[in-house]
Every structure is written in structure tokens, then in C-alpha cells.
Amino acid sequence: MGSDSDWPVLKEAATALEEFGVVFEADVVSAHRMPDEMLAYGKEAAGRGLSVIIAGAGGAAHLPGM
1 MGSDSDWPVL
11 KEAATALEEF
21 GVVFEADVVS
31 AHRMPDEMLA
41 YGKEAAGRGL
51 SVIIAGAGGA
61 AHLPGM
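In the working numbering, the protein residues as written are 1 to 66.
Hints were generated in silico from the structure; no laboratory data involved.
Values in this document were obtained by computation on a predicted structure and should not be read as measured data.
Check the hints yourself; a few may be wrong.
Derived DEER-like restraints, expressed as beta-carbon distance ranges [to be verified]:
no.: 1; residue 1: L10; residue 2: S51; range: 16 to 22 angstroms
no.: 2; residue 1: F20; residue 2: G56; range: 14 to 20 angstroms
no.: 3; residue 1: P35; residue 2: S5; range: 15 to 21 angstroms
no.: 4; residue 1: T15; residue 2: G58; range: 16 to 22 angstroms
No residue lacks a Cβ here, since even glycine has one placed at the ideal position from N, Cα and C.
Generate coordinates for the entire structure from the input sequences, incorporating the hints supplied.
Listed below in C-alpha cells is the structure:
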């Protein structure tokens, strides 16, 4: 998510993942404020056992461009 203010919406996804027993991470990695960290997060995801990334953001259009 782009900021912790996105958590109230994305919390619903986390709840569903928990109900299905899916292991997940919930982190703030802003495409706007931290593009290098965001790219590194994606590149390193498989090494942490992640196979899917669910990304969410507010009104800024930076995420689709990444």
C-alpha cells in the first residue's frame, strides 16, 4: 500500500487471506515516495515465499506506471 492510510481498505483483503489460511505481508511501499524500494520489494518477493502481490493505492497514479 502507498501509505498507512490505505490500510482500512486493504485490511479487508488481509482478513480474507487469513480466513483462507494464506500467509501474507502487509507493508507500506510507496511508488511515489520510494520507487527504488518498491522495485526491490517486488524483485525480492519470491525469495520471501510470496507468489502474488496485491497492491493498492489512493488517488495518485504512480502505481500503475511502475
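Structure-based check of all given hints:
The hinted range of 16 to 22 angstroms is satisfied by L10 and S51, whose Cβ atoms lie roughly 18 angstroms apart. F20 and G56 have their C-beta atoms about 18 angstroms apart, which keeps the hinted 14 to 20 angstroms range intact. A hinted range of 15 to 21 angstroms for the beta carbons of P35 and S5 is consistent with their spacing of about 19 angstroms. The beta-carbon spacing between T15 and G58, approximately 20 angstroms, falls within the hinted interval of 16 to 22 angstroms.
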